[in-house]
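Engineer: The residues making up each chain are set out below.
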Amino acid sequence: MPFSLFSRKKPTRRFNDFYADWSKTLTENCLPLLRQSLSSAASASVLSANVDLVLRHLVLYYETLDLAADPNTIPYLLFPSWRNSLETPFLFLGDIHPYLLTNLLRSMIDRENQDSDDDYSLHLNLDLVNQPLKIATAWKDPSDELVTRIDQIECTMRLMVPVLMDRMRKAQRGFVARVSEDWVSSYRGGKKEKTVTAVTSAAAPACVDEAAKVEMEELVSIFVDANRLRKSVIMDIVGATSEHQAALFLEGLCQFLVGFKISVSSWLNQIDFSD
Amino acid sequence: MFVVEETTPSLDHPRRWGRNQCWRNTKMARAMEAARFDDNGLEEHNNEESVSWDDLERDAASKAGGSSERLQASRSHLNDSFRKGDEPSGDLYELWRQEQNSIAARLDKELKSRWELDELIEEQLSRYQSHYYKAMVSTSLKDVSNFLMPQWVPPHELAAVSWLGDWRPTSILDILRVQAAHNPSFSLSESCERVLSQLVREIRIEEAVIDEEYAEIQATCVLHLPFSPLCNGQSHEEALSSVQELFGNIHKVVSKAQRLRYKVLELVMKKLLNQTDTAEFVVAFAGIQDAIHQFGEQKKLKKHYPAVPLKGSGSSS
Numbered sequence: 001m002p003f004s005l006f007s008r009k010k011p012t013r014r015f016n017d018f019y020a021d022w023s024k025t026l027t028e029n030c031l032p033l034l035r036q037s038l039s040s041a042a043s044a045s046v047l048s049a050n051v052d053l054v055l056r057h058l059v060l061y062y063e064t065l066d067l068a069a070d071p072n073t074i075p076y077l078l079f080p081s082w083r084n085s086l087e088t089p090f091l092f093l094g095d096i097h098p099y100l101l102t103n104l105l106r107s108m109i110d111r112e113n114q115d116s117d118d119d120y121s122l123h124l125n126l127d128l129v130n131q132p133l134k135i136a137t138a139w140k141d142p143s144d145e146l147v148t149r150i151d152q153i154e155c156t157m158r159l160m161v162p163v164l165m166d167r168m169r170k171a172q173r174g175f176v177a178r179v180s181e182d183w184v185s186s187y188r189g190g191k192k193e194k195t196v197t198a199v200t201s202a203a204a205p206a207c208v209d210e211a212a213k214v215e216m217e218e219l220v221s222i223f224v225d226a227n228r229l230r231k232s233v234i235m236d237i238v239g240a241t242s243e244h245q246a247a248l249f250l251e252g253l254c255q256f257l258v259g260f261k262i263s264v265s266s267w268l269n270q271i272d273f274s275d
Numbered sequence: 001m002f003v004v005e006e007t008t009p010s011l012d013h014p015r016r017w018g019r020n021q022c023w024r025n026t027k028m029a030r031a032m033e034a035a036r037f038d039d040n041g042l043e044e045h046n047n048e049e050s051v052s053w054d055d056l057e058r059d060a061a062s063k064a065g066g067s068s069e070r071l072q073a074s075r076s077h078l079n080d081s082f083r084k085g086d087e088p089s090g091d092l093y094e095l096w097r098q099e100q101n102s103i104a105a106r107l108d109k110e111l112k113s114r115w116e117l118d119e120l121i122e123e124q125l126s127r128y129q130s131h132y133y134k135a136m137v138s139t140s141l142k143d144v145s146n147f148l149m150p151q152w153v154p155p156h157e158l159a160a161v162s163w164l165g166d167w168r169p170t171s172i173l174d175i176l177r178v179q180a181a182h183n184p185s186f187s188l189s190e191s192c193e194r195v196l197s198q199l200v201r202e203i204r205i206e207e208a209v210i211d212e213e214y215a216e217i218q219a220t221c222v223l224h225l226p227f228s229p230l231c232n233g234q235s236h237e238e239a240l241s242s243v244q245e246l247f248g249n250i251h252k253v254v255s256k257a258q259r260l261r262y263k264v265l266e267l268v269m270k271k272l273l274n275q276t277d278t279a280e281f282v283v284a285f286a287g288i289q290d291a292i293h294q295f296g297e298q299k300k301l302k303k304h305y306p307a308v309p310l311k312g313s314g315s316s317s
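The listed protein sequences correspond, in order, to chains A and B.
Letter 96 of the first sequence, counting from 1, is numbered 96 in full-length UniProt numbering, and no numbers are missing.
Letter 274 of the second sequence, counting from 1, is numbered 274 in full-length UniProt numbering, and no numbers are missing.
No wet-lab data here; the hints were simulated from the structure.
Keep in mind the model is a prediction, meaning the values are calculated, not measured.
Be aware that one or more of the hints could be misleading.
[Claimed, not checked] Capping the alpha-carbon separation at 27 Å, the derived lysine-lysine pairs in BS3-like fashion look like this:
{"#": "1", "chain 1": "A", "residue 1": "170", "chain 2": "B", "residue 2": "263"}
{"#": "2", "chain 1": "B", "residue 1": "256", "chain 2": "B", "residue 2": "142"}
{"#": "3", "chain 1": "A", "residue 1": "24", "chain 2": "B", "residue 2": "303"}
{"#": "4", "chain 1": "B", "residue 1": "302", "chain 2": "A", "residue 2": "10"}
{"#": "5", "chain 1": "A", "residue 1": "170", "chain 2": "B", "residue 2": "256"}
{"#": "6", "chain 1": "A", "residue 1": "261", "chain 2": "B", "residue 2": "142"}
{"#": "7", "chain 1": "B", "residue 1": "270", "chain 2": "B", "residue 2": "256"}
{"#": "8", "chain 1": "B", "residue 1": "302", "chain 2": "A", "residue 2": "213"}
{"#": "9", "chain 1": "A", "residue 1": "24", "chain 2": "A", "residue 2": "261"}
{"#": "10", "chain 1": "B", "residue 1": "142", "chain 2": "B", "residue 2": "303"}
{"#": "11", "chain 1": "A", "residue 1": "261", "chain 2": "B", "residue 2": "303"}
{"#": "12", "chain 1": "B", "residue 1": "270", "chain 2": "B", "residue 2": "134"}
{"#": "13", "chain 1": "B", "residue 1": "263", "chain 2": "B", "residue 2": "252"}
{"#": "14", "chain 1": "B", "residue 1": "109", "chain 2": "B", "residue 2": "270"}
{"#": "15", "chain 1": "A", "residue 1": "213", "chain 2": "B", "residue 2": "303"}
{"#": "16", "chain 1": "A", "residue 1": "170", "chain 2": "B", "residue 2": "252"}
{"#": "17", "chain 1": "B", "residue 1": "300", "chain 2": "A", "residue 2": "213"}
{"#": "18", "chain 1": "B", "residue 1": "112", "chain 2": "B", "residue 2": "270"}
{"#": "19", "chain 1": "B", "residue 1": "142", "chain 2": "B", "residue 2": "252"}
{"#": "20", "chain 1": "A", "residue 1": "261", "chain 2": "B", "residue 2": "252"}
{"#": "21", "chain 1": "B", "residue 1": "142", "chain 2": "A", "residue 2": "24"}
{"#": "22", "chain 1": "A", "residue 1": "170", "chain 2": "B", "residue 2": "300"}
{"#": "23", "chain 1": "B", "residue 1": "256", "chain 2": "B", "residue 2": "134"}
{"#": "24", "chain 1": "A", "residue 1": "24", "chain 2": "A", "residue 2": "231"}
{"#": "25", "chain 1": "A", "residue 1": "231", "chain 2": "A", "residue 2": "261"}
{"#": "26", "chain 1": "A", "residue 1": "10", "chain 2": "B", "residue 2": "300"}
{"#": "27", "chain 1": "A", "residue 1": "10", "chain 2": "B", "residue 2": "303"}
{"#": "28", "chain 1": "A", "residue 1": "213", "chain 2": "A", "residue 2": "10"}
[Stated by the list, open to error] If you anchor each label on the Cβ, the simulated ranges turn out as follows:
{"#": "29", "chain 1": "B", "residue 1": "237", "chain 2": "A", "residue 2": "49", "range": "35 to 43 Å"}
{"#": "30", "chain 1": "A", "residue 1": "210", "chain 2": "B", "residue 2": "95", "range": "55 to 63 Å"}
{"#": "31", "chain 1": "A", "residue 1": "152", "chain 2": "B", "residue 2": "298", "range": "45 to 53 Å"}
[What the hints assert, rightly or not] Short derived list, chain B residues pointing at chain A, Cβ under 8 Å:
{"#": "32", "residue": "149"}
{"#": "33", "residue": "223"}
{"#": "34", "residue": "250"}
{"#": "35", "residue": "309"}
Glycine included, C-beta positions come from ideal geometry on N, C-alpha and C.
Given only the sequences and the hints, what does the whole structure look like? Please build it.
Structural biologist: Right, here's the structure in full:
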């Protein structure tokens, strides 16, 4: 929305500009900060402060997404043009799939506890070869409390995701049904008056508008709920884990989010299944 | 009705013979009835046939609903003609023959237009087939992405109907349900409506299965991408093949969704609906798609891009 002298609206900026800055901060500040604090040099308080900072940065993203969502803008948020070709197939209601979060956490724990015989965990991250033992073994033998908590988080999430998908399906099908009803009656009306020359009448988009208004409002609500779920799962995981574990989890998550951005050029032209 | 059934099978298009014969005969009766009432001179000569015509009329009236008034009106006209008490003469016989030929010619035309209708329907079905099968032949990474989020489809249209890049199969069936409920010229029988409800349930399950498969890729397989924290130390070849495998899986899921869309259209057009209803359905599907597309284009022109307050600088610090 452009800001003009004649507009009394508060100054705004396009969400994609915000996102570009946000991603840059994630890549250039958050990830290096976490890696730094996971090295031996960092004190516990620095680690804690940095975990907080990165968590706030992630939360800011979801809160800003919510601010940007309204019935007019929701399609752009569900199908974001600012995501690259590598990312778009992995979008679930406009962002990462919530299951990814707990799957990432579980994989980190599982890897550490299954591969105990080899020294895989030691080269788990090349940047962290000098990390203190506390961090290298952070996932070793997780507490029963943590395991139970992860189960709980996962359980809640697995109840909520199907509900979101179901709502999405109902919203879309409801929209099609409403448009169809209007279309069928206007088509029949047109038939009676023998004025139908083309399949669609000019009035068609007007009735689509009405039906779309209802649907878009529901899509905003679904989108906001999906973001709330993603946000709360990240916060719950950070809350349930120790500071070292939280730092490792967030580092993994940031690495993953950043990876989509920087890897796309290397795979874009190389992947082809047409053979 | 049975008169028609016995005398007209050879007139029907062979490809569609055997599907909904009952309905077809009613339609045929209606067509014949319409042809007859348009031409008033005919009735006074078909005294001997009047029993079977009456049967046809009753049947047509009971099926078509609202046309009974018209039938009543034409019946009284029929009686009037007979009351005149004209004796058939040579002239009248000649007239009768001419009129019979004229009716036959018009029926012939109707039948030909039916075959044309059949051909059009077949053509559209094969267009659907190539659309839903062709779309995923060439598949680079960019193609997969473009398929799921096509740049050429307005975002509002995508948000409104898109499921894995195109219409939900259940939404396609919803159009049919709306037609069956709101379009009186749609002649879906009760048993067909039951089949339709059953089909909606089954296709919904198939949609859900595809959703599950896709979620598995989005939430679990995605962790095998080379930049994942779980995949450090992969060689370039390993990384390339893992991306390739992952996108191959997405491609498979999308192809399944495409096949399901075509399967629904094929079932509807070949098994469930008769010829006229199929034509009505294709017209409605095209019209509704077009209306939604136009709506999307209009919305796109308004450029309501997502915006946020300026203070959200993208940095939390």
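Engineer: Holds or violated: residue 112/B and residue 270/B, Cα atoms, limit 27 Å.
Structural biologist: 20 Å, holds
Engineer: If you take the shortest Cβ to Cβ gap from residue 309/B to chain A, is it below 8 Å?
Structural biologist: Since the shortest Cβ distance to chain A is 6 Å, the answer is holds.
Engineer: Take the C-alpha atoms of residue 10/A and residue 300/B, compute the straight-line distance between them, and say whether it is at most 27 Å.
Structural biologist: 23 Å, holds
Engineer: Does the structure keep residue 142/B and residue 24/A at a Cα separation of 27 Å or less?
Structural biologist: Status holds; Cα separation ~23 Å.
Engineer: Against the 27 Å threshold, does the CA-CA distance of residue 24/A and residue 231/A hold or violate the hint?
Structural biologist: With a Cα-Cα distance of about 20 Å, the restraint between residue 24/A and residue 231/A holds, given a limit of 27 Å.
Engineer: Between residue 261/A and residue 142/B, does the CA-CA distance stay at or below 27 Å?
Structural biologist: 15 Å, holds
Engineer: Please work out if residue 109/B and residue 270/B have their alpha carbons no farther apart than 27 Å.
Structural biologist: Given that 27 Å is the threshold and the Cα spacing comes to 24 Å, the pair holds.
Engineer: Quickly compare the C-alpha distance for residue 263/B and residue 252/B to 27 Å and report which way the hint goes.
Structural biologist: Distance ~16 Å between residue 263/B and residue 252/B Cα, so the pair holds.
Engineer: Holds or violated: are the alpha carbons of residue 170/A and residue 300/B at most 27 Å from each other?
Structural biologist: Status holds; Cα separation ~24 Å.
Engineer: Are residue 256/B and residue 142/B close enough, with their CA atoms no more than 27 Å apart?
Structural biologist: 19 Å, holds
Engineer: Are the Cα positions of residue 256/B and residue 134/B separated by 27 Å at most?
Structural biologist: 13 Å, holds
Engineer: Residue 24/A and residue 303/B: Cα distance at most 27 Å?
Structural biologist: 26 Å, holds
When the structure is compared with the earlier hints, no violation turns up for any of them.
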